[in-house]
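Peer 1: Going down the list, the sequences are from chains A and B. Positions 1 to 485 (the numbering used here) are the ones given, in order, by the first sequence. Positions 1001 to 1485 (the numbering used here) are the ones given, in order, by the second sequence.
Quick caveat, the hints were computed from the structure, so don't treat them as lab data. Keep in mind the model is a prediction, meaning the values are calculated, not measured. Any given hint could turn out to be false.
One-sided and incomplete, this derived list gives chain A residues near chain B with beta-carbon spacing under 8 Å [said to hold, decoys possible]: (1) Ile39; (2) Glu90; (3) Val108.
All C-beta atoms in this analysis are idealised placements derived from N, C-alpha and C, irrespective of residue type, glycine included.
Number of protein chains: 2
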Amino acid sequence: MGKNKQLTQRSEDFSTWYNELIFRAELADHSPVRGSMVIRPWGYGIWEHMQRALDDMFKETGHQNVYFPLLIPMSFIEKEKDHIEGFKPELVVVTHAGGKELEEPLVVRPTSETVVMSMMAKWVQSYRDLPMKLNQWVNVMRWELRTRLFLRTSEFLWQEGHTLHATTEEAEEHTKIMLGVYRNFMENWMAMPPVTGLKSESEKFAGAVRSYSCEAMMQDNKALQAGTSHFLGQNFSRQFDVTFQSEVGKEEFGWNTSWGVSTRLLGGLIMTHGDDQGLVLPPKIAPIQVVIVPVKDLEDGSVLGKAESMCSELIAQGIRTKVDSRDFVNPGSKFYEWERKGVPIRLEIGPRDLENNQVVLVQRVVPEGQPKKEVLSQLEALGTMSKKLDSLQGLLLDNAVKRREDNSYRKVKTITELKEIMDGPGGYVYTGWCGDPAVELAIKEQTGATLRCIPEEEFRSTKTPHKCIGRDQKSEMEVVWAKAY
Amino acid sequence: MGKNKQLTQRSEDFSTWYNELIFRAELADHSPVRGSMVIRPWGYGIWEHMQRALDDMFKETGHQNVYFPLLIPMSFIEKEKDHIEGFKPELVVVTHAGGKELEEPLVVRPTSETVVMSMMAKWVQSYRDLPMKLNQWVNVMRWELRTRLFLRTSEFLWQEGHTLHATTEEAEEHTKIMLGVYRNFMENWMAMPPVTGLKSESEKFAGAVRSYSCEAMMQDNKALQAGTSHFLGQNFSRQFDVTFQSEVGKEEFGWNTSWGVSTRLLGGLIMTHGDDQGLVLPPKIAPIQVVIVPVKDLEDGSVLGKAESMCSELIAQGIRTKVDSRDFVNPGSKFYEWERKGVPIRLEIGPRDLENNQVVLVQRVVPEGQPKKEVLSQLEALGTMSKKLDSLQGLLLDNAVKRREDNSYRKVKTITELKEIMDGPGGYVYTGWCGDPAVELAIKEQTGATLRCIPEEEFRSTKTPHKCIGRDQKSEMEVVWAKAY
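Put together the whole structure using the sequences plus the hints.
Peer 2: Printed below as a string of structure tokens:
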């Protein structure tokens, strides 16, 4: 495939477009082990910026980073019965080590609740040790038969937060605080606005009392569960004997939460903003925010010199800038490459620009109807760059919110109508629901949609529908249906 | 064990002191899986500061971070014959996944050369793609029978750099550049000055042409191999067919390097600076550089108020500062706790200090003969804090260099003399060596010392001894012997 060959168009084949984009933007690659991926420098660079932002937020909310071991005894995983039931089909198992068969098989962590609890039981004595708020950035494994880069891989990178609280109220509140942190991050860094809410019983985390999630809408109008926050109650603390002495001297079981986001977010990023030219990066998480391409140099190197001095000035402003000075790539190919990789702003400078103290500024995305290119004085380009990046960040969020709302349906009353939407454009469909899992099952079978969440108040329609969509019965709540990744 | 109970003294039992310190300073803990550790917030916080500093250095030297998969096909590991020979006894093997036995067992990475090479073969076409300079921060597993927290655990965290170059000269030079980065980091961040040099054939990395290492001297005068940098030649590129088209259009095999440091560095940190009160942290990698302890408050809370305003001012100066305002711990216990955890500087403030606009400043370590405590005006304390931290950083390095040189021996001529030193105080012994591995073996058997490295020029004695220590034969080079972790 020629380097500058057009990507498959989204409208033509969204799934092929997605895969091609990942390879052509050099985000990731398949590894020799089925279902595992290699994250390449450009993809990992984005992930590093996402990590840094999230990690700062976790620390601001009082969490400390730790490291728990990769391997977990099989007997631990089996202790919480819903937990093992949920994870058993996906477990990766170590049976031999150091040339010998192990007495007890060890599981490569699919998540770490069990081993975390076993240590919390040891560390916590009194209510004064609480709350205990931990987080770790690690790899986990869940064996998958059908895998897709970033979205569903046998190994992925994530952070998992684990907290222990003295009261059920505090733990439940913390579950929601972390849901809010995720939402804030997705909206204000990734420009990927999710609908947040509670999962139904059939969709909650294996071992949780209640799970909350962020459901982001992709450009094919399918939902991506992009982050989850779980209130675990005492389900694990009772199995692992995590007790503490309360203020009045009573021995009590602690209350847990756990929450995570993963490299799946990179898949969400691609499918939220990517276009037929390639990736589009929100400036806040772009490894390079501005790329400067010298179009043609003069003999004395003064064009490259100017590019480099502008680069230094932008870096001094805290803007991540790079000059692409490769002499074996022509300017056109450079333009395509950085567009494909999603860099928010490109500056082009040639001999005539140098003469006129000007520069050509090209935004990766502009408001509808505006030209992508503009010619600016160098002074103005330097002086307005930070503002331009901010408005680009805002534009991406506005576009994504608008797209989500344009593809949301709030007047659907029957499964037939729901099916029409799912067979057609897809989208988020808000309806009443009586709470019966049989309705979820029927809808899944008939339309392919699943219950994404019971949305938080602000996402709900003004009036909760009277009728459940699936039964001639009073609705207990409003819910969101969509096809999902 | 009472929280303020004295640690076992180093002079009494160095190894018990080490273990106690780790638990009492809450750096790490044993995990339920034999040989794996849990790194607790204080230990992980130090590791994060070490990571950040190293990562910045890697990026400054042109490296990009990536992620390669955890599991490696057994057939990959077996391709390079020295490599598999070295790692076979320590492999951790996955045989089952997703409820089925795998067709080919997968190895939990002990290191990633093989899988990195398999991908480089795919990514690199031309000399224009070179050098390729990658790094990853990951967990690895090497099954160990006798483990010690940080120093030797079955799972550990590390970074592994992998680079590919067009020429042998460039690759060998890069190997040394990275050795220099490690040395710089160990000296100027950790205040742990290593002797650097080349490993002998029998001690080099399994699969390398040449290995270089940093050998830091611990307080028990044993050496800790704290970081290694390997020139791999074409050993791996030939097995994995990593070729590129050269400038003149010829297909050639690439030249590789790999290099790593791990959480073992935390063990080195403890044994370089720790004392009978606990950990001692060099300011540059301390999660908290200054702790402020309000000794007793007035009714209006003005002592705590002053502590907090001083804290804000120090934070504004970029100094990592914390007020310990816990009301259920008495000041004395707080003093012990932060000493045990190694915080470089403590400020104590009580009602009388408030009245006199003063503060008590206590340095964790002071130059010999100086008092640990001084009373300063609050203004002076704020104004000189940054300088005090810098000189404390310098003092720790000076102390460590002095200790290393005080325990180095450069006039030893016979194995008998070497044995006397090893049976006695221990230390680094510089002698001549003819290059015969039989001498290494004999010395190891008779004295317990191993050949740590063939030191770089600046560490060598002024004149290379004429005679090999082990044989009545001309010496080819000067080498360093020591007992090692």
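Peer 1: Going through the numbered hints above, which ones does this structure break? Give me the numbers in ascending order.
Peer 2: Violated: none.
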